[in-house]
Amino acid sequence: MSSGELTIEQKAVQQQLHTLYHQHHNWLFSWLTGKLGCSTQAEDLSHDTFVRILRKQQVLNLCEPRAFLTTIAKRVLSNHWRRDQLEKVYLEVLSQMPEYFEPSEEERAILLETLTEIDRLLDGLPIPVKQAFLYSQLDGMRQQEIAEKLAISVTTVKRYLVKASAHCYFSIAVD
Amino acid sequence: MNARNTESPNAQNGLGSVSDNVPTDISPQIAKRAVEWLVDVNEAIDKKADILKALQEWRDQHPDHERAWKHIESVNNRFGMLDVVAKSVAHSSVTHPQMISRREMIKALSVALFAGGAAWTAKEQTPWQQWIADQKTGVGEQRTVQLADGSQIEMNTDSAFNLFDNTHQRGIHLVNGELLISTGLERNHKPSRPLTIQTSQGSLVTSKARFSIRLYDRSCQLSVFDGSVEIKPILANDNTQTIKAGQQVNFTKDVINKPLPVNLNSIAWAQGMIVARGMRLKDFLTELSRYRHGRLRCADNIADLRVSGTYPLASTDRIIAAIEASLSIKAHYMTRYFVTLKPATS
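Protein chains in written order, with the working numbering: chain A, 1 to 175; chain B, 1 to 346.
Note that these hints are calculated values from the structure, not bench results. Since this is a predicted model, take the numbers as computed values, not measurements. Even glycine gets a Cβ: it sits at the ideal position worked out from N, Cα and C. Mixed in with the good hints, there may be bad ones.
[To be verified] Incomplete in silico selection of chain A near chain B, CB under 10 Å:
1. ARG66
2. GLN85
3. VAL89
4. LYS149
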């Protein structure tokens with residue numbers, strides 16, 4: 001879809017974002033700098049916040065734009081902290097691995113992004129449901145194996161897998 | 001790339017996030033059906049071709065079916081990029097959701113990474129309990145401990161326990177691994193009080209028995225060879241059950257499963273052996289991994305080969321060599337810590 005063929009709605013989205021950016025970017029930047037104590041990171045995260053809003057591609061009903069921005073920015077911020085934690089653990093583990101095991105900078109960035117992503121996608125599910133999902137999706141374990149590992153029935157494993165997948169891929173709740 | 005990604009205006013960010021691309025306009029019914037397909041496809045072994053064919057028919061039925069499936073595939077492609085280190089971080093971040101302290105995570109992970117075995121996730125109990133345990137064995141180590149009352153405890157690889165003795169109970173707290181315990185069986189010996197074994201799932205009490213207890217991530221296995229042992233799951237204190245000689249049983253915090261006939265091979269380790277009878281190669285390697293550092297695994301297409309034999313645990317490298325010869329497969333060593341068995345021809 002080329003930019004020359006924007007629908008009316010897309011134009012409205014762009015216009016709104018434009019306004020939001022101009023009126024509140026500096027405010028958001030200071031708010032984030034206060035939280036992070038680092039202006040470079042604050043700049044990155046305020047950018048991420050706007051990117052996130054842009055991705056939604058919806059005209060927003062904004063009575064309180066700053067409250068709205070804060071909500072999104074908080075999400076970006078918690079994502080950032082979580083990624084930071086995961087990165088530290090990842091690097092620490094990596095340092096204990098045999099030397100051949102050295103992913104490139106780019107690979108690392110992708111791995112961390114994916115880890116943070118999985119973490120967020122599974123957020124809110126009970127621990128055993130998450131575990132069942134990871135065993136299945138990351139380790140390719142069969143339901144029987146997962147059942148033994150988690151000491152639950154195969155039927156429960158199957159239910160957990162459907163629940164976790166629905167949550168993870170489509171953000172819907174299934175019981 | 002799926003249709004959603006090409007619509008995304010966010011091309012400048014090379015690491016586009018999947019979760020922001022969730023196709024929200026797909027109906028929950030279709031979404032649910034799509035994930036059920038995923039679960040079925042992952043589970044399919046012999047009938048994989050049939051299931052994939054049926055899935056294709058479903059995908060062809062409606063563009064939304066296809067979009068839902070494409071979305072699942074795109075997320076899975078991302079997951080597929082994780083390497084072993086990242087996977088272990090993912091597992092641990094799930095079992096330790098708060099990540100209160102990085103050091104705890106590291107310890108948990110080191111256990112997971114270097115204890116080998118099925119344990120690519122951090123164990124449920126707090127790892128430092130292992131470092132401060134009264135008695136412990138390293139990976140590949142086995143040891144016998146004699147208690148003051150004459151009870152004998154044989155410790156398998158990577159095991160740890162604490163002793164406690166108070167006015168109410170004397171006993172041991174199993175923190176990790178597997179023990180073979182003999183108590184009250186010696187001639188001229190009558191212990192004054194029963195012996196209690198506490199585990200993360202429940203406690204065992206016996207006055208006279210020879211039995212083994214093995215701790216898994218979320219369950220325990222008790223095998224009784226002589227005498228009898230009473231189980232009390234932590235969350236079901238009134239649900240106690242006595243397991244008699246010749247029985248083995250798996251139990252969790254709230255459930256005691258049906259007892260099965262005991263498998264003597266399960267304590268071959270006490271003789272320094274590992275015994276397999278028509279065991280799946282993958283399961284055998286999982287078992288063998290408990291006795292060596294690093295990771296030992298096999299290619300999916302040979303996972304179901306059967307292993308039979310009695311092997312001395314003294315050298316796991318020699319066991320690997322023996323299986324290579326008997327199953328016509330080849331071990332690929334990437335340092336001695338990462339071993340992958342593959343078909344000999346590949």
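- Query: Any CB of chain B closer than 10 Å to the CB of LYS149/A?
  - Reply: holds, 6 Å
Interface hint outcome for GLN85/A [beta carbon to chain B under 10 Å]: holds, 5 Å
| message | Hint validation: VAL89/A versus chain B, beta carbon distance must be below 10 Å. Holds or violated? | response | Holds, because the Cβ-Cβ distance from VAL89/A to chain B comes to roughly 5 Å (cut-off 10 Å).
Inset, instruction - Hold the hint about ARG66/A up to the distance rule: shortest CB distance to chain B must be less than 10 Å. - result: violated, 22 Å
In terms of the numbered hints stated before, the structure departs from hint 1 and from no other.
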